[in-house]
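Asker: Letter by letter, the chains look like this.
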Amino acid sequence: MVQVKGLTKSFTTKKISKKVLDAITFEAFDSQVFGLLGPNGAGKTTTLRTIATLLKPDVGTVSVDGYDVVSHGTEVRNRIGFLTGDMKLSGHLSCREMMQFFGALNHMEPKVLNKRIAELANQLGMEDFLDKQIAKLSAGMSQKTAIAVSILHDPHVIIFDEPTSNLDILAVKVVADFIKDSKEAGKCVILSTHVLSEAERLCDRIGIIHKGKLLCSGEKDLLLTDYKAANLEDLFFNLVSLQEVRNDA
Amino acid sequence: MMHDALIIFRKEIRALVKDKRTLFSTFILPLLMMPIIFIGMGSVLGSIQKEAVETIYRINIEGTTDRRFFESVDALLDYQTVSASESSDVQVLFPDGFVPGNPASIRLVYDSSSQKIQYAAQQISTALQLYDRQIAALKLSDHGLSFDDLTTLTVTRVDLAPEEAQSGGSMLAMMVPYFLIIFLFAGSMSSGMDVTAGEKERGSLAALLVNQVSRTSIAMGKILHVMTVSTLSAITTFLGLLISMSLPNGTNLFGGGGKISIQLLSFNTLGMILLGLLSTALFTAALVTLLGSLAKSVKEANTYVMPMYLVVVLVGVMTMYMDPSKNVALFFVPYVNTIFVFKEVFMGMGSILHVLIAFVANLAYAAIGVRLVSLLFNSEKILQTV
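Listed in order, the protein sequences are those of chains P and S.
Residues in the first sequence are numbered from 6 upward in steps of one, following the numbering used here.
Residues in the second sequence are numbered from 49 upward in steps of one, following the numbering used here.
Treat the hints with care, as some may be off.
Derived EDC-like pairs: lysine to aspartate or glutamate, alpha-carbon spacing no greater than 16 Å straight-line [said to hold, decoys possible]:
#  : chain 1 : residue 1 : chain 2 : residue 2
1  : P       : Lys19     : S       : Glu428
2  : P       : Lys192    : P       : Asp63
3  : P       : Lys141    : S       : Asp67
4  : P       : Lys24     : S       : Glu428
5  : P       : Lys218    : P       : Glu249
6  : S       : Lys66     : P       : Asp136
7  : P       : Lys61     : S       : Glu428
8  : P       : Lys120    : P       : Glu102
9  : P       : Lys61     : P       : Asp27
10 : P       : Lys19     : P       : Asp35
11 : P       : Lys116    : P       : Asp133
12 : S       : Lys344    : P       : Asp91
13 : S       : Lys429    : P       : Asp63
Chain P is faced by these chain S residues, among others (derived, beta-carbon under 7 Å) [stated by the list, open to error]:
#  : residue
14 : Asp122
15 : Arg250
16 : Ala255
17 : Val258
Estimated spans, in silico, between C-beta atoms of each pair [stated by the list, open to error]:
#  : chain 1 : residue 1 : chain 2 : residue 2 : range
18 : P       : Thr13     : S       : Ala377    : 49 to 59 Å
19 : S       : Phe72     : P       : Thr17     : 38 to 48 Å
20 : P       : Gly191    : S       : Val381    : 24 to 34 Å
21 : P       : Asp159    : S       : Ser345    : 44 to 54 Å
22 : S       : Thr351    : P       : Thr17     : 31 to 41 Å
23 : S       : Arg69     : P       : Thr18     : 32 to 42 Å
24 : S       : Leu423    : P       : Glu189    : 36 to 46 Å
25 : S       : Ile416    : P       : Pro44     : 37 to 47 Å
26 : P       : Thr79     : S       : Val408    : 57 to 67 Å
27 : P       : Thr13     : S       : Lys429    : 13 to 23 Å
28 : P       : Asp159    : S       : Leu287    : 30 to 40 Å
29 : P       : Thr18     : S       : Phe72     : 41 to 51 Å
30 : P       : Asp159    : S       : Lys429    : 48 to 58 Å
Read the hints as simulated data drawn from the structure, not as lab findings.
For every residue, glycine included, the Cβ atom is placed at its ideal position computed from N, Cα and C.
Work out the full structure, taking the sequences as your base and the hints as a guide.
Answerer: Quick look at the structure:
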């Protein structure tokens, strides 16, 4: 379970300080997919990076399975798998060697690690290219490898930041299937995306973020009913218009 | 912590070994490049020289018919005389009414933009000196004297420098430290920027940083990798240089110093060189990794690393002609300390104390570098860019 309470974050340059997250609060539960939705620059990546211990909150707290991300960073990193759409595994190592490297970093016993690699290769359909150089893989194969690397240590919480950006339709299906499987396996999945149709298909709960503010969060179906929206796109534009009116007032 | 650092180090080395192109450009090319350049330069210079010697030049000689002058030119140059109205390569103009033995100003007219004509003019100039000396000897003999009678002093030099320094070591002490330091820094640049800013560009640094491994281990693993690559690269480039200097053409270009260098490498000197080289490589790796970590992209990293490279080149040039110093403070200054250690070693004056001061100082600076990279990997400013 992931709990985000009053998360506020600003980035300061020499000239200005810009608040990118303003008192964000939400919860993501086990066996569910939580979708953090919003346009580019809304604050999705900053939120996920804070959960992943890459950034520290200015105000507020973030915890993963009860461990605070600031005071118990190592325990948090033990429990999370983090994948961004920007991550491009490359180079001359094979998928297997790359997985062995990350497994060794996670202090996995060689026997356990090799068993886990075989499991993931089977689950993600990687057997055919497991020993191929990553540099020679297609985008879909490369993305499967990135997924396998991020969840090699069997994390309880899986954080995916725009995992389907720049992917073709086949590779998108790989990611979507994996998210569904993870949910069924009892994992807590947090997915950030600006593709609302993707969120519609995959998410149980959602939070809509715009200009650093969380406009709403909760059960997807309940939110659609409460805001009388036909789909997430309607919901998003209703909430954004409402916020603009409030800002103008 | 070291265990995790070694996992990262081994992975980087394994990736490097599998990358044939990088292996070739980092280790094989520097080994071959210098000998190829030297052989090429040597053969071009050789053929230019051969052509200059074999050419029959057109020389216009005015104002003298003295056989002795023509014989002097004959001994040094293949030529044919031409008249003033014809085109010529060199004109030798004696003054009107020239009488051998009387003071006279002789003009050589030629075009110095041609290497061959420059050669011909040089040979004629030498021929004129020989002719002058011949006439002077005759004048002296009229007075019952010879050139030997004009010499009253002889000088015998006693060189107190160690044998190694006398036998070409001083030339090595001047050149080699400069080349080694430059090669070391250059070798660390591409790998140092690739494992930091390059990984940021590819988005793969985030995958490392969200792992449970400590960020100090990540910093150490990367620095160890860069150090290994830069040391091996510097050694292979240096070997390439030694091979070049030992080639027949190379010795022409470098005055034969390279052959001697191999004799100088005893067990002790090799040990001192390695201590200096490895500690500087570690410091350089830490420095480049630190600068690379500050950048968002390899392009940006270049703008941080290049000024440092220029500083190192400047230190190398400034110290090239300096004698080894007894000032201990210099051995605490990175790069300067290694250059002076190498100078001392090549001049047969290697000091264990100086080597140890330089070694410990460089290790201390490298440790500070590791700590700073580790702090950077924990800092918000850097993490925003991964």
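Asker: Given the hint of 57 to 67 Å, check if P/Thr79 and S/Val408 actually sit that far apart at their C-beta atoms.
Answerer: violated (33 Å)
Asker: Would the pair P/Lys19 and P/Asp35 pass a check requiring their Cα atoms to be no farther apart than 16 Å?
Answerer: violated (41 Å)
Asker: With a cut-off of 16 Å on the C-alpha distance, tell me whether P/Lys120 and P/Glu102 pass.
Answerer: At roughly 14 Å apart (the allowed maximum being 16 Å), P/Glu102 and P/Lys120 satisfy the hint.
Asker: Answer holds if the nearest beta-carbon of chain P is closer than 7 Å to that of S/Ala255; otherwise answer violated.
Answerer: holds (6 Å)
Asker: Between P/Gly191 and S/Val381, does the beta-carbon spacing fit 24 to 34 Å?
Answerer: For S/Val381 against P/Gly191, whose Cβ atoms are near 60 Å apart, the range 24 to 34 Å is violated.
Asker: Sort out whether P/Asp136 lies within 16 Å of S/Lys66, counting only the CA atoms.
Answerer: holds (13 Å)
Asker: With the threshold set at 16 Å, check whether the alpha-carbon distance from P/Lys192 to P/Asp63 stays at or below it.
Answerer: violated (28 Å)
Asker: Hey, P/Lys218 versus P/Glu249, does the alpha-carbon distance stay inside 16 Å?
Answerer: It holds: about 12 Å lies between the C-alpha atoms, which stays within 16 Å.
Asker: Falls inside 31 to 41 Å, the C-beta gap from S/Thr351 to P/Thr17?
Answerer: 23 Å Cβ-Cβ, so the 31 to 41 Å window is violated.
Asker: At the C-beta level, are P/Thr18 and S/Phe72 separated by a distance inside 41 to 51 Å?
Answerer: holds (42 Å)
Asker: Indicate whether the distance between the beta carbons of P/Thr13 and S/Ala377 respects the range 49 to 59 Å.
Answerer: holds (51 Å)
Asker: Okay, P/Asp159 versus S/Lys429 on CB: inside 48 to 58 Å?
Answerer: violated (32 Å)
Of the numbered hints given earlier, the model fails hints 2, 10, 11, 14, 20, 21, 22, 26, 28 and 30; all others are met.
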